[in-house]
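*Asks:* Residue numbers (my numbering), protein chains in the order written: chain C, 1 to 269; chain E, 1 to 275.
There's no promise every hint is true.
[Unchecked claim] With the Cβ distance kept under 8 Å, some of the chain C side facing chain E (calculated, not the full set):
#	residue
1	R108
2	T110
3	D156
4	N158
5	Y160
6	L162
7	I164
8	R168
9	F177
10	S184
11	A186
12	R188
Just so you know, these hints were derived from the structure itself, not from any lab.
Quick caveat, the model's predicted, so the values are computed rather than measured.
Glycine included, C-beta positions come from ideal geometry on N, C-alpha and C.
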Amino acid sequence: MAIITISRGSYSMGVIVAEKVAQRLGYAVISRDLLLDASDRFHIPEFKLIRAIHDAPGILERFSHNKQAYLAYIRAALTERASSDNVVYHGLAGHILLKNIEGVLKVRITADMSYRVAREMKREGISEKEARSILEKDDQQRRKWTKNLHGADPWDSNLYDLVIRIDRFKADDAVDFICQAAESQAFRTTEESLEKIRDMALACRVKAELVDEFHNIGVTCHFGNVVVYTKDKSRGAKLHKQIEAVRTTVGGIYNLEIHSAAGFPPDAV
Amino acid sequence: MPIIIISSETVQSAQQIAQAAAGELGYQCLGPEVLADIAAKYGIQADKLSEALGNDQSKFRRMRAKRRSQLLAYIEAEVLDRLMSDNIICWGVVSHLYVQGVSHAMKVRLLANSGQEAEKFAQQSGISVQRAAKSIQNAIRKQEQWALSAYGLNESESSMYDLVINLGQIEPDEAVRTIAGAVAYRKFKPMTYSIKSLAENALAAKVKTKLLDTLSDIRVQARDGKVVVTSKALKRERQKKAAVIKELAGQVEGVEFVEVHLINYVIREAAESFR
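Chain E with its partners taken away, still in its complex shape (with noise of 0.2 Å):
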């Protein structure tokens, strides 16, 4: 059966909506709830987690870009993992920016009752509704910069999703039944090759998760068991650092074989030619 995953502008519209939908169909929901697990089971703390998604943003931009690089891989690899039992709605942990080419992902994209969510957000924290609404689209502008810087994605770009459903005009149990409804479709059902294309993207989160312990800059695709490595290097280093890859990478369970691309490292090249 096939994975839904919710994406929205606001933590709440995602969760009502997801927890709806998971009741409807009888799915189980995947939530941020996991952070937790993947806290302890890489004996970091889980608000660290949290703030690679860009959930406290003055925490976030404080945060080194490779530090973020690898708990973004610890997030990555989970959920892949958990995404590989069937009937299941993942939520608020960005699955829509690193599940890609998985054909029995149904993606959905929820854009916030603005009114609503803002007269509830002034209501709970003392302040006017004008001023609700403000802060709620200063969140919603800083989450979508997010994305681009860590994923160079567009969040708000609708080619991402299969539906987009705004829930200013669509009433939420509206929503639930227009996904309900979809998630039948012959294209949403897992097949052998998109099965195995999810597994492929988790074996890649995987070797990333063990190669950012002590590299940076990297990108793994996997495919059939082979897992390819994109990283920079300079001349010299490069035979050592291939070999520290394939080793690291090699450790991994699933993986057969590594293939290592090291692109010349220019600028560091030319610093250092002239020292």
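Just chain C, same shape as in the assembly (with noise of 0.2 Å):
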């Protein structure tokens, strides 16, 4: 049992590839409908949602904060979805918001421009020119929303576990090492990775209660126990209020802190 993580530039397969895994393994897949349910469940348009999570922050973008807060909706729903186990999620930056946590299968799906290009140019019925540009815009996007928001470059491998160039495979080879890895034992789920996976799943939910109007905190939860850091002591009476709204809102908490520090926990989402 185990979770997969497939990241991929656009037009190389990594759509067919995921699904065929998760045919394969009986597994649930994410993608796009996870976006919906972040839309309906933070009442926050789905294609705010997607230009959060697919453009790259404009300058004055980077001062304002809510392309942060939509993406704590967004991970608030895909560790959610993530935690009932036996997925294969295919969306934007899955290698990124599922990272601290044990046991996830990352991989990429890259191919060479060339084999993209031809692939785009069969499917939309277009130029060559126009096709290299649409990707090669694409993929400077990806690489900008990626550095600017987590400092790391998707294209390094070092993000991965797994990184298989499907123009030199079948997609059903890439499917077959992707199988293989996660029948492995270290990417199998235990009782404790689960526990893990859900603890976060709580802390990110509580985050995206919090971050509209809380910009700087970080929460971490351990066994049902979540903490709330935050840097800015002048609203510590309105952040009070706030939080004991949300041990009404969220189930599953079984204490709730605030604390003050100059600093947020390795583990902090």
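Build the complex: two chains, separate frames, hints provided.
*Replies:* In structure tokens form, the structure reads like this:
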């Protein structure tokens, strides 16, 4: 039993591979519907969430907190779905949204640019020049987004457990590798790892409830004990009031505290 | 049968996986021991070849670019020649950087299990695990800088490889199984054109070793017995240099025709015109 995240450049057959893996293993697939889920739950229009997860932040946006908030909502929705185990996620930035969770198999599907251009041309019925331009722009956006928000280059192979060049293998070959890895000991979910995922889902949910008003917070959760870390002491009273509301709206919290801190623990969301 | 090229952040993991995969598949294993043969062939010290590969960063930094190019050319020529054999796994001689456009060469990048490597290194060196980990990361970074400097390539970019396997999460046995399974795929079967491509790489490398004895800053490509050499020259030297290149390159077995392209050495021309 495993949680698998598949990252991909556009038109590199990542979706097909993800769906085949899910079918072979009998897992649920999470992708775009996750955004609908987050949109419904947090009352944010879907297009704003799509932009948050797709477009690199512009200069002004880097000083606003909306994108961070939207990512918190998406992360909350994703970790909650992932905590049910046996899932394949192939949306954007799964390897980052699900980082710090043990036992998640992080896969990247890549392809040579000329291969992707050929597929894009066939799919959209456009010229090579147009196809290349679209793909280069898309790649640039994704790299910029990941670098700006997470300080990581999505093309850095160190972020993944397995990187597969799909133009050198068939989709079914990639599916074989992924399923083989997913069934190995390292990626089998244990009670302990499932508990950690549920704790993370809870931490993400609490953050999502608070981040709109309190931008600079970190949240941890261990066995249902949630701690909210804040650097801003001046708004303590307001945060306390909001916390009380969260206690009633979010289920599964055993204990909830606020800590003023200069920094957040490494496992804080 | 295919060639498997194993590149890794650490020598230990490359060796472990290469040897295990060779055992599993019944393949030959070509590793850094080839440096001794190359040293004997060209009458140089084996440790100089090791330095050219960036294995001793302090000495590598002091090595002149021309000398480094020459030593790397010796390594490339010998390794490419040996890769013409079937059923071979190559590791530890940076072949992932100079085996280009050969479709039956499967390139695999291994990411180290940094925790385990740090513990081993700490035990061997009698230092703390933290310090060992820092030392390993430092060495990895320097090796990447070396690859950029020597070949203009970013080793950490996943697009360079057919498969990247993170040994921090995937067990060595699992990695070997994946590699052994992958190599059976159709795209890695040697075809006439891919074998030819490898032979042309090898020919170009041999010509380069011949030319770098006396010349520097050259680029060599080979196709269908025709060798194209690109270099720089002052206007007044062009004819003489072209003749020297043609004569030297023509001495290499397998070369049928030599074409020379000489680009103006603009900076030197400008400097000389002020004298």
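*Asks:* State for each hint whether it applies.
*Replies:* Quick rundown of the hints versus the structure:
no.: 1; hint: R108; in the structure: 6 Å, holds
no.: 2; hint: T110; in the structure: 6 Å, holds
no.: 3; hint: D156; in the structure: 6 Å, holds
no.: 4; hint: N158; in the structure: 6 Å, holds
no.: 5; hint: Y160; in the structure: 6 Å, holds
no.: 6; hint: L162; in the structure: 6 Å, holds
no.: 7; hint: I164; in the structure: 6 Å, holds
no.: 8; hint: R168; in the structure: 5 Å, holds
no.: 9; hint: F177; in the structure: 6 Å, holds
no.: 10; hint: S184; in the structure: 5 Å, holds
no.: 11; hint: A186; in the structure: 5 Å, holds
no.: 12; hint: R188; in the structure: 12 Å, violated
The structure fails to meet hint 12 from the earlier list, while all remaining hints are met.
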